[in-house]
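Trainee: Sequence:
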Amino acid sequence: MYTSKLVVLFASVAALTLAQRYDLGEGSECFSPEGSPGVCTQLRQCPALLAHLDRSRRPGNQNSIRLLQQSLCGFVGSNPVVCCVGRVSGNRPGGSAPGKLVVWTPSPNKNVQSPSPAKTGILAHKNANLLPVNCGDSFTIRIVGGRKADMGEHPWLAALEYETRRGQQVLCGGSLINERYVLTAAHCIQVPAGNKLVSVRLGEHNLVTEKDCYKTAKGVEICADPPLSVPIESVKVHEKYGGVDRHNDIGLIRLQRKVPATGYVKPVCLPLSDNLFRSTFTGSTQVVAGWGRTENSPSSDVKLKVGLSVMENERCAALYRGPHPEVRLDSSQLCAGGEKGKDSCGGDSGGPLVFARENKWFVTGVVSYGPRNCGTQDLPGIYTRVTSFLPWIMDNLKP
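Mind the numbering: the sequence shown is residues -17 to 381 in the working numbering, read in order.
Calculated from the structure, these hints are not laboratory results. Incorrect hints may appear among the rest.
[What the hints assert, rightly or not] In silico lysine to any residue, SDA-like type, Cα no more than 20 Å apart, as pairs: (1) Lys108 to Cys195; (2) Lys193 to Ser211; (3) Lys108 to Lys342; (4) Lys130 to Lys240; (5) Lys240 to Ile214; (6) Lys130 to Gln44; (7) Lys130 to Glu221; (8) Lys130 to Met376; (9) Lys193 to Thr244; (10) Lys108 to Asp256; (11) Lys342 to Lys197; (12) Lys218 to Asp207; (13) Lys342 to Ile204; (14) Lys240 to Cys117; (15) Lys108 to Val284; (16) Lys342 to Cys195; (17) Lys380 to Glu221; (18) Lys240 to Glu221.
All figures in this text were calculated on a predicted structure; none of them were measured in a lab.
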């Protein structure tokens, strides 16, 4: 009876038109619907969600039903596996191997604080009203479980399209921050002769297929909306960009027309609250996603994602000092990664480094540069620190 009720409760998940697959294995690390880190665990071993199961049997308690459905990682036989909060460290079910990515645990991290709603500081900027109220929403809030991203994940990702001698190519990435602007790296705008930035592709998953679809376990085909290719009206590069260190490597692309939010195209949040504005994010796990498009190697047709730990600038500078003494980091840059095989090769030049907080995603970095051999041990990727340029971003937004 217990099993049959659970199957009925979760059966409707497959019918939801959310573009995600519930295929995280038991023991995989995950994020709950509220954005808290956890581990995929059989429901019967997760007391917190079992309590919601009891509540779901009461008439009219749709919130508990919805929470249970949104927490689903998959099944072991007919037993639901859910994202169980509070089982992140050393408490994995059945001796399961840990996931490949390290999930940020918020409680001991004093460098990242909850967003403050107070309209002070950068929030009081005259152009703050040009930023969307609804931002940072993604179909999938679990950030681990494999390098391939699901359709609908990171819907702010932009693929920058260039006219080149070889025809039209995607060479850089960016992130949609409102209905008219894409945030990217300055080096993606100031491109070598022979390349011309012409448009931005939004809502994309596979760069080479005309239609992006997948089939559920029951054989139901779910397809994403066709991607949008939007011409560029103008670009803005930071006035002080330049040099081998790529300081001030940030730019804005203004689209020729407004782009309405859809299920597959949504803006990411800027870290405007006072608390996030002051955060160093050191020790937090953040996510870089994209198609691996860099100046050196196009690596994937399908959207990828990888979790990276933010490193202290002092340690990062020391690691670069030996092999690359020409690198001079400053406080407007951020380091993340440095683990073998995991770096911004999973993202794009100009693409976003993002951070989940209270079920919203915030862009904290812009992919700038890193070691030529992507994913080199002890050589993290270097990102433009978005909080250092919030005044510049806000000053350059137009209605």
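Trainee: Hints first: check each against the structure and report whether it holds.
Mentor: Status of the hints after comparison with the structure:
1. Restraint check for Lys108 and Cys195: the C-alpha separation of about 42 Å exceeds 20 Å, so the hint is violated.
2. Distance hint between Lys193 and Ser211 is fulfilled; the C-alpha atoms sit about 14 Å from each other, no more than 20 Å.
3. For the hint linking Lys108 to Lys342, the alpha-carbon distance of about 24 Å lies beyond 20 Å, and the restraint is violated.
4. Between Lys130 and Lys240 the alpha-carbon distance is near 29 Å, which puts this suggested pair outside the 20 Å criterion.
5. Distance hint between Lys240 and Ile214 is fulfilled; the C-alpha atoms sit about 11 Å from each other, no more than 20 Å.
6. Note on Lys130 and Gln44: the hinted pairing is violated, with a Cα-Cα distance of about 32 Å set against a maximum of 20 Å.
7. Between the alpha carbons of Lys130 and Glu221 the distance comes to roughly 36 Å, so the proposed pair goes past 20 Å and is violated.
8. Pair hint Lys130 plus Met376 does not hold up; C-alpha atoms about 33 Å apart against a cutoff of 20 Å.
9. A threshold of 20 Å between alpha carbons decides the hint, and for Lys193 with Thr244 the separation of about 16 Å falls inside it, so the pair holds.
10. With a CA separation close to 16 Å, the supplied pair Lys108 and Asp256 stays within the 20 Å bound.
11. As the CA atoms of Lys342 and Lys197 are separated by approximately 27 Å, the hinted pair breaks the 20 Å bound.
12. Between Lys218 and Asp207 the alpha-carbon distance is near 30 Å, which puts this suggested pair outside the 20 Å criterion.
13. Under the criterion of a C-alpha separation no larger than 20 Å, the hint pairing Lys342 with Ile204 is inconsistent with the structure, at around 25 Å.
14. A hinted pair counts as satisfied when its Cα atoms are at most 20 Å apart, and Lys240 with Cys117 qualifies at roughly 16 Å.
15. Note on Lys108 and Val284: the hinted pairing is violated, with a Cα-Cα distance of about 39 Å set against a maximum of 20 Å.
16. Using a Cα cut-off of 20 Å, the hinted pair Lys342 and Cys195 is violated, with the two alpha carbons roughly 25 Å apart.
17. Annotation: proposed proximity of Lys380 to Glu221 holds, straight-line Cα distance about 18 Å (limit 20 Å).
18. Our distance criterion of 20 Å between C-alpha atoms is broken by Lys240 and Glu221, whose separation comes to about 26 Å.
When the structure is compared with the earlier hints, violations turn up for hints 1, 3, 4, 6, 7, 8, 11, 12, 13, 15, 16, 18 and for no others.
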